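Chains as they are written, first to last, in my numbering: chain A, 1 to 352; chain B, 1001 to 1506; chain C, 2001 to 2329; chain D, 3001 to 3345.
Incorrect hints may appear among the rest.
Stated by the list, open to error - Below, in silico cross-link-like pairs of lysine-lysine (BS3-like), each with a Cα-Cα straight-line distance of 30 Å or less:
{"#": "1", "chain 1": "D", "residue 1": "3099", "chain 2": "C", "residue 2": "2326"}
{"#": "2", "chain 1": "C", "residue 1": "2229", "chain 2": "D", "residue 2": "3166"}
{"#": "3", "chain 1": "C", "residue 1": "2169", "chain 2": "D", "residue 2": "3043"}
{"#": "4", "chain 1": "D", "residue 1": "3303", "chain 2": "C", "residue 2": "2173"}
{"#": "5", "chain 1": "D", "residue 1": "3099", "chain 2": "C", "residue 2": "2021"}
{"#": "6", "chain 1": "C", "residue 1": "2326", "chain 2": "D", "residue 2": "3043"}
{"#": "7", "chain 1": "D", "residue 1": "3166", "chain 2": "C", "residue 2": "2233"}
{"#": "8", "chain 1": "D", "residue 1": "3303", "chain 2": "C", "residue 2": "2169"}
{"#": "9", "chain 1": "C", "residue 1": "2208", "chain 2": "D", "residue 2": "3043"}
{"#": "10", "chain 1": "C", "residue 1": "2166", "chain 2": "A", "residue 2": "163"}
{"#": "11", "chain 1": "D", "residue 1": "3099", "chain 2": "C", "residue 2": "2141"}
{"#": "12", "chain 1": "D", "residue 1": "3043", "chain 2": "C", "residue 2": "2328"}
{"#": "13", "chain 1": "C", "residue 1": "2146", "chain 2": "D", "residue 2": "3099"}
{"#": "14", "chain 1": "D", "residue 1": "3043", "chain 2": "C", "residue 2": "2229"}
{"#": "15", "chain 1": "C", "residue 1": "2229", "chain 2": "A", "residue 2": "163"}
{"#": "16", "chain 1": "D", "residue 1": "3099", "chain 2": "C", "residue 2": "2251"}
{"#": "17", "chain 1": "D", "residue 1": "3166", "chain 2": "C", "residue 2": "2179"}
{"#": "18", "chain 1": "C", "residue 1": "2043", "chain 2": "D", "residue 2": "3099"}
Since the hints were derived computationally from the structure, they do not count as laboratory data. Predicted model, so just to flag it, every value in this text is computed and none were measured.
Chain by chain, the residues:
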Amino acid sequence: MSNTATVPPPAKTYGGVDSTQPAWRRLVRWEVALIVVLIGVLAFGSAESSTFISSSTFFFTGLNMGEIAIMALPLLLIVMVGEIDLSVASMLGLSGTVMGYLFQHGSSIWLAMAAALLVGAVGGALNGILIAGLGLPSIAVTIGTLTLFRGAAEIILPNPTTKLLPTSLTKIGIAPIQGTQLAYSAGIFIVLAVVCGVVLHATPLGRSLVAIGLQPEAAQFSGIRVNRIKFGLYVLSGIVCAFAGVLFTLKNSSASYGAGTGLELTVVAVVLFGGVSIFGGRGTVAGVVLSVIIVGALQQALTQMHVQAEIQNIVTGSLLLLSVIVPNGGDVLHRLRARLRVRDPQVRPTSA
Amino acid sequence: MNEGELIRPLLVLDGATKSFGAVKALVNGSVILYPGEAHALLGENGAGKSTLVKILAGVHQPDGGELRVDGDRVVFSGPAASRGAGVSIIYQEPTLFPDLTVAENIFMGRQPLGRGRAIDRRAMNAAAAKVFARLGVLLDPDRQARGLSVADQQIVEIAKALSLDAKVLVMDEPTAALTNVEVARLFEVMRTLRDQGAAVLFISHRLEEVFKSCQRVTVMRDGAFVRTAPIEDLTIDDIIRSMVGRDLESLFPKTATAPGDVVLEVDNLTREKVFYDISFSVCRGEIVALAGLVGAGRSEVARAIFGIDRRTSGSVRINGDLLSNGSPQAAMAAGLALVPEDRRQQGLVMELGIDQNVALASMRRLSRFGIIRRSRERTLATTWGKRLQLKFARLSNPVSTLSGGNQQKVVLGKWLARGPSLLIIDEPTRGIDVGTKAEVHRILDGLVAEGMAILMISSELPEVLGMADRVLVLHEGRMTAQLSRAEADEDSIMRAAAGLGSEEAA
Amino acid sequence: SSSSTSTTTNNTGSATATGVKKGLTVYYIPKDTQNPYEVLADKGGQAALQELGGKVVVSSGTADTAAAQIPSIQAAIQAKADAIVVAGNDPSALCPSLSQAQAAGIKVVSFDSDITCPNHLFINQADTKTIGTSEVDLLAKQIGSKGQIAILSAAASATNQNAWIKYMKVQLKKYPNMKLVSTVYGNDDPATSLTVLQGLLSAYPNLKGIISPTTVGISTAAQYLSTHKDVAKRVTLTGLGLPSQMRKYIKDGTVKAFELWNPSDLGYLAGYAAASLASGSASLQTGSKFTAGKLKQYTVIGPSGTTGPSVVLGPPTVFDKSNIDKFKF
Amino acid sequence: MSTTIETPPASQPRFAAGGALLRARELGIGLVIVIVFVVATLKNHAFANSHSVQQLLTGAALVALLGVGETLVIVTRNVDLSVGSVVGLSAYMVGTTFKHHPGFPVLLGFGLGIAIGALIGAINGLVVTALRVPSLVVTLAALYIIRGIDGVIVNGVTIDPGSVPKTFQEVGFQTILGVPWLAIIVAVVVAVVGYAMRSFRAARELYAIGSNPEAAALAGIPTERRVFTAFLVSGSLAGLAGALFLALHAQVDVTAGTGYEFLVVAAVVVGGVAIFGGSGTVLGAALGALLLNTINQALVSSKVSAFWNDAIAGALLLAAIAFDRWLSQRVARSLQSAEGAHRDV
Ligand SMILES: Nc1ncnc2c1ncn2[C@@H]1O[C@H](COP(=O)(O)OP(=O)(O)OP(=O)(O)O)[C@@H](O)[C@H]1O
Ligand SMILES: Nc1ncnc2c1ncn2[C@@H]1O[C@H](COP(=O)(O)OP(=O)(O)OP(=O)(O)O)[C@@H](O)[C@H]1O
Ligand SMILES: [Mg+2]
Ligand SMILES: [Mg+2]
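Chain A extracted, bound-state conformation (with noise of 0.2 Å):
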């Protein structure tokens, strides 16, 4: 939301309309709220199908929502700054299939991997030159580059790989974590939610990305390179969807430029769905970590109790509804008392 040169930021109501919230509502997290859900879907799961509390459960739901969830940690960052990146699905897929041709090709694995997140930081440089150096619409050219990485990896890889991968590695599609039921995606993303936790929340950095989500102007003027913190976050984003890209090349020991296809939408959602405002300078990583397990944790039983995959959209997108309905739910309310205030006998002014 930076083009716009007289207009306050859209999440602002100060002035125009009453804007303020009663106290309770500040106590009223949206946090809280998500883990009232887990604890419902789990009790849910474990009521409809036997084997769903199970470390089978457990390991699967991590294993098929690791590369989203790690994926929706540099989303969440740039969706603080007031931006969005709807190309990581794409670059998913592109990184895995340059990951794949070169070792096809006969390049070793290791060189592959590096490749394609070499790959991952130049899309990603792209996106921040668009964005961040021109200034354009994150959202009109995160759509360009959708189309872009998708085909770049339709031209790289027509056919999908037929050479195998080397099993040591593709067990991460298979094993979870020796002595655990954690799969190697899913520990990973621990990994990463606790570094982007302590940045976004404890650091001058994270300090900068909210103070930019929240006035652009107002940041720059105290000392902070917006437009720097905004490339970087993109071409952070690039390496990490790469990385998210290697990781599910090695899971389904194979790569196809079609990897990951529509998975974009599947990530705004888990962020979206974790309470981060769309509008930028509000958000949780805990947030984000509790909509991602929630999301998982839902797909697991639905499909264990042979809910169609339609029923599962609906819920999917219900949930997604609730996340910006229920924290609103006080205004409503406050507005509507506000409404019924002034329907009391309305005297029109009669000139004398």
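We have chain A already, so just place chains B, C and D with the ligands on it with the hints.
Chains B, C and D with the ligands in isolation, oriented as in the chain A frame:
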């Protein structure tokens, strides 16, 4: 206006109350407007003036009290209702649509219609041009509002209000960004409106304007009505006393200090299309004022020095060493601080707490192992809150809940906390009441006494004359005069600001 | 992932005459829950397991991606299913999950689109080579063995499509005057198929024939031709299509002939194969035999090229005016 | 200021500048379309024949129609991501109606489509305005929910051409004087809505809302009602697009309209509609859709390997956005240098 009492009042607001959650913005908002009068509403920052205005505008519904127009009790369900009742408002902050043309901004929702209820643009532009003519301004009605200077934005606001031909015209600090000439014109227009029997409610922190233009004065303090009186029964001191609630010592405390060695050296600074060849220097222990009309490019000079904008050519030295171009970080590292013109957009993150705003420019210093230490943050805020006599409920409250003056203090604290060697302060007291004004001036004076160098941009001549050791005058982006405290007076500055060239130049 | 179950009452574990256990649970995992072709196949599977006193669970995602199928495989593992019948959205992306399933003692059968994973039986709708060659011959017969032709395929990554196209190219060598000028991909999405088809037609104004070895592709193309008679006059269309969708075009003469096998027979055979494997009454060994109910007996063919052990449903049926009304699917 | 007489009434030249801004956007896109068309024709003469021109128009029609509705929404600083799913649902519902009620009047078919779209648009608008929640989230959720419902209804059963009335299908391919019906319908919608957006108060208020929401509220604009209307229109047009989808393809399964949401936003942005509201025209949006489709078909007809389509389309999209920004910045700069000329003492 004593015969005014005999006439039926146009508008009466009686004992209106309004609170925003914890904040009691209005305890007893009362004002009576008679046809044909210009009525001043005065009060410190946060006295509740704008809140009162927004109640008249139907933006806020009062929690209590009653509102009468032409003797009938009315409830404004929204701005439309208020407008329908013949009340038109100029808000404190410009409320334009940057993407629409100036004319559309003026006539939004009331555009003249042609065949088939379609908007008749030609008629609309003509009508807009008429209003501008009335104001004696030349603005292209068909021009996009985006890119208008602060002043022009205010002009459009005024035109909007006038075009309504309202019975009651409310103006919340319309002159804050205007040149004297424009202000004079505005007053003429006010007079004609009064002659047509309209009432004008005029809010300003510039008391001299009030004395020039108004017949009656209503003073508010802490959201409550204090007194209403005819202007001729009042002196400036009476007004200030009832605003501040105490006697006020001098508005411009100024202790003479001997300037030390040069801190800032600006050499042929140029930014294409905005300003050209600006050269000057600022020493320790002196206040240098940058005067000129709004739109002269003073803020832009400040922005270029601080590195927000890149300079096209020229150099800036701090304590002798060159400052790299377009990098606020470098400027801050070199000991520069900039208190910007626009508090709400540039100075503060309105939704962050007071403490976090104060800390915003010093986060690195407050953190250990890259982690911000909240305790230190709070201490910092408390310290500066005390030193600047900040009025606030809780440090964690968002600054949006503070009044203009206190917000300005937070910005000051944020920069002083860095202990800068040069403070650039743009419009230090724009929209700030006399009480706080005096405080701010005392703070600035104290700072230079401690040996800080200050570059002050101000549109208020008294402030410039009262506080500056030297005065630089800009006209359309060029420096037209450098005046010593001795040479500087109303006339010499205005001549230079008008680009008429001062004696030595001629 | 979507599901629907069909169970039969008697679930005793005793072996029947054919040596197939009762009460078996087979997970059918189609490319997605909506693909009409596979909906038919799943129904066939349910019929088969009904006869065998077992039960079918159909489960898959809404999108044609491997990722969307994996949770269904996991559900099969959780539910301790006896066998999985899967149509791969990706040749190898499912293998890790399937190997988990196999480790859990679940037998794996693939149909419609094969997967590259080890130790599974592929139920081939019809010998890959036969489909490739017969399509070309069918078109050649209609256009007098000469002129430019093109292929309108599904996704570029679809294994079955690519396998058939490979054999089409081989067969084309027999027709020196027929020239394959282009292969386009409609991703089994009507809108995309239409766009690429239109591009194809404007790119090759004197195109003679189009082969579309996918039900969505051929019906989209048929609809376009039936509404653009001028184009239909010079362009001949054939490929693999569902009689139910193509009947209209056969009748109005837009399409002379196309082929397919009975999808529900395919699912039915897959069901018997899965059950036999799960009961140990059949194996992946070349020559291993099992009876598939009404379809009589089948024999496992040894691995050839990229394809592992497989059984072939039978030669495809050619549909035209004469017989189109006999087929209800 | 006082000597205003001196300053020339700079009105005329600047009017030119303002108008140029509006024209340049549409012209710019039109120009690009022509360039693409010419290049494609040079590479393959068949591209210029009336047939493929018709295809360019029909191919772009649906997205253009959606673009019109999307423009109304985006202009108010909102976005509607649910259009694609609405197309799918509407197309199938109309299809099943024809299937199960043979002889169902053709015109009512379109009416039904519009009604379905209108209903969903109304719900979106209601949630966004009444509950004050960001439209991106609401319509993203709607996308999931509607797709889900669509899937449950479809459940693997395709609508096949046999069950779609002939006359209904003809709307999808018949032409008048060589111009496809689809193109005509869309052209009419663009003309009508385009005129309204220029000339009616309520429509101008949409721009005001997107340009500065708070100011809009202060100006007494019924913000909520206007935004609601925008969503209603967007939904209705999406519903109509659904019916037309059925007419065009004569067969519908669950995939109908998937991925349209991004395609439409892309077209609208390429068409010069500011993604953060306040400016843009429906004509621009429609041209944007035409450009994207022209690019796609040009690629196929120029015998570029199918694998290159997406990559090139994406690159061109980015180029278009950048070009538009460059253009608007140039205009803005010309305005600024012009401004202030009149402000001297
Ligand atoms: N929307 C709001 N939410 C919370 N507090 C508010 C709001 N509007 C005003 N206030 C508070 O109400 C008090 C009165 O504000 P108001 O703007 O009316 O003062 P003012 O007299 O206009 O000051 P100034 O001269 O600086 O404009 C201040 O403390 C202000 O912070
Ligand atoms: N919001 C804006 N957008 C574009 N140009 C502007 C804007 N504000 C000012 N300008 C232009 O920049 C130049 C300087 O304007 P500005 O108002 O900052 O000068 P100033 O001397 O700082 O006035 P003040 O600080 O009193 O507002 C003028 O040419 C003015 O027209
Ligand atoms: Mg005020
Ligand atoms: Mg300024």
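The hints, checked one at a time:
no., hint, verdict
1, D/3099 / C/2326, "22 Å, holds"
2, C/2229 / D/3166, "15 Å, holds"
3, C/2169 / D/3043, "27 Å, holds"
4, D/3303 / C/2173, "23 Å, holds"
5, D/3099 / C/2021, "43 Å, violated"
6, C/2326 / D/3043, "48 Å, violated"
7, D/3166 / C/2233, "20 Å, holds"
8, D/3303 / C/2169, "19 Å, holds"
9, C/2208 / D/3043, "21 Å, holds"
10, C/2166 / A/163, "20 Å, holds"
11, D/3099 / C/2141, "36 Å, violated"
12, D/3043 / C/2328, "46 Å, violated"
13, C/2146 / D/3099, "40 Å, violated"
14, D/3043 / C/2229, "27 Å, holds"
15, C/2229 / A/163, "47 Å, violated"
16, D/3099 / C/2251, "19 Å, holds"
17, D/3166 / C/2179, "35 Å, violated"
18, C/2043 / D/3099, "22 Å, holds"
Figure legend: structure checked against the earlier numbered hints; hints not met, in rising order: 5, 6, 11, 12, 13, 15 and 17.
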